[in-house]
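**Student:** The listed protein sequences correspond, in order, to chains A and B.
Note that the first sequence covers residues 1 to 191 in this note's numbering.
Note that the second sequence covers residues 1 to 143 in this note's numbering.
Incorrect hints may appear among the rest.
[Said to hold, decoys possible] Some chain B residues near chain A, calculated using beta-carbon distances under 8 Å:
#, residue
1, Gln8
2, Ala52
3, Ile82
4, Arg105
[To be verified] Here are the computed distance ranges between Cβ atoms for each label pair:
#, chain 1, residue 1, chain 2, residue 2, range
5, A, Asp163, B, Asp11, 58 to 66 Å
6, A, Ser144, B, Asp11, 45 to 53 Å
7, B, Ala52, A, Ala105, 31 to 39 Å
8, A, Ala5, B, Thr26, 38 to 46 Å
By construction, these hints were calculated from the structure, which means they are not laboratory data.
Keep in mind that this is a model prediction, so the values were computed, not measured.
Backbone N, C-alpha and C fix where the C-beta goes; we use that ideal spot for every residue, glycine too.
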Amino acid sequence: MAEPARDEVRTRLEKYVGKPMGAPSLAPDPVNVPMIRHWVAALDDRNPIYLDAAAAAKTRHGGLVAPPAMLQVWGMPSPKLEGIAERGGSPVESAADNVVRALDAEGFTGTLATNSELEFVRYLRPGDRLHVSSELESISSRKSTALGQGYFVTWVTTYQAEDGEVVGRQRFRILKFDPGTIDPSRRKAAS
Amino acid sequence: MSTTASPQSRDVRVGDELPPFELKLTSTLIVAGAIASRDFMPAHHDPAFAKAQGAPDVFMNILTTNGYVARFVTDWAGPEAILQRIEIRLGAPAIPGRPLRFSGRVADKREAGDECVFEVAVRAANDLGDHATGTVTLTLPRE
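Chain A with its partners taken away, still in its complex shape (with noise of 0.2 Å):
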């Protein structure tokens, strides 16, 4: 049987597995009601624990709460839309050496988000104001998929009140693609 060619991408990438994806955050802002006010407009979700105090309060939340599908919507960093397309489209610039830079740097661009676990140890209240850490739990090894040639990689981030209370996780695996390696024939499949 022949040897499978060395993946010498996925060799550099080896050092990222299991360690901090970039430094801890500290969310932007508090939760609060003017940004889940955004959110249930954009979702019309009519659901009054979030916005209706008074029937919040009738409820066993007690009060209003945020909607728990936010929890990612806390930590997402203020962008930098200055040069965006030269990042790859990727909205923020960041310093940090970390997976996503080394692939984008390597040729594969494009990003899909694929798989999504989220867990929510207790919903959110307006004030709380949560930091955000993530860790690189895995990469796959290259796999030719109807995007191109990519990588999987999957991290898990942790959402902390300020007293350090875990608040909700995520697990979140995003696909890292070369989109000049699409295989004109599976693309055609895809759309």
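With chain A's structure known, arrange chain B on it following the hints.
**Tutor:** Same frame as chain A, but now just chain B:
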């Protein structure tokens, strides 16, 4: 939509189907979700950028997908529901002009203290295939 009252947990049985929901997808909705979730990746608002990446058009970001999965389940489970987990796998892109059909089924029910824990199998599909499939775990009070 039943967002004003939660079902009684004793009335919910494994195999129950959630009321189906069809989301008419527009570029506006996709962009609104991306910006409400502070996701400025160009593939979620710039069609030319999305096409250069091999996607047919702008596509919904995963934060918005999670939001709609949560909303679909809580439209049924009501204001007393507490979501514990949302686990989804993403497939076909959710893109403008292709309605997304949500369906769900109660897959498991167990008692835990003064709550009932439910697992709901969820699927959001368009005519390209499954956009998101997965499981939402939630609790309702026990009567």
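**Student:** Could you run down the list of hints and mark each one as holding or not?
**Tutor:** We went through each hint and held it up to the structure:
1. The closest approach between the C-beta of Gln8/B and any C-beta of chain A is roughly 14 Å, which is over the 8 Å cut-off, so the hint fails.
2. Given the 8 Å rule on beta carbons, the hint for Ala52/B holds: about 7 Å separates it from the nearest Cβ of chain A.
3. For Ile82/B, the shortest C-beta to C-beta distance to chain A is roughly 7 Å, which falls under 8 Å, so the interface hint holds.
4. The closest approach between the C-beta of Arg105/B and any C-beta of chain A is roughly 20 Å, which is over the 8 Å cut-off, so the hint fails.
5. Between Asp163/A and Asp11/B, the C-beta spacing of about 39 Å breaks the proposed range 58 to 66 Å.
6. The supplied range of 45 to 53 Å is met by Ser144/A and Asp11/B, whose beta-carbon atoms lie about 48 Å from each other.
7. Evaluation of the 31 to 39 Å hint for Ala52/B and Ala105/A yields a failure: the beta carbon distance comes to about 18 Å.
8. Between Ala5/A and Thr26/B the Cβ separation comes to about 45 Å, which falls inside the hinted range of 38 to 46 Å.
The earlier numbered hints that this structure contradicts are 1, 4, 5 and 7.
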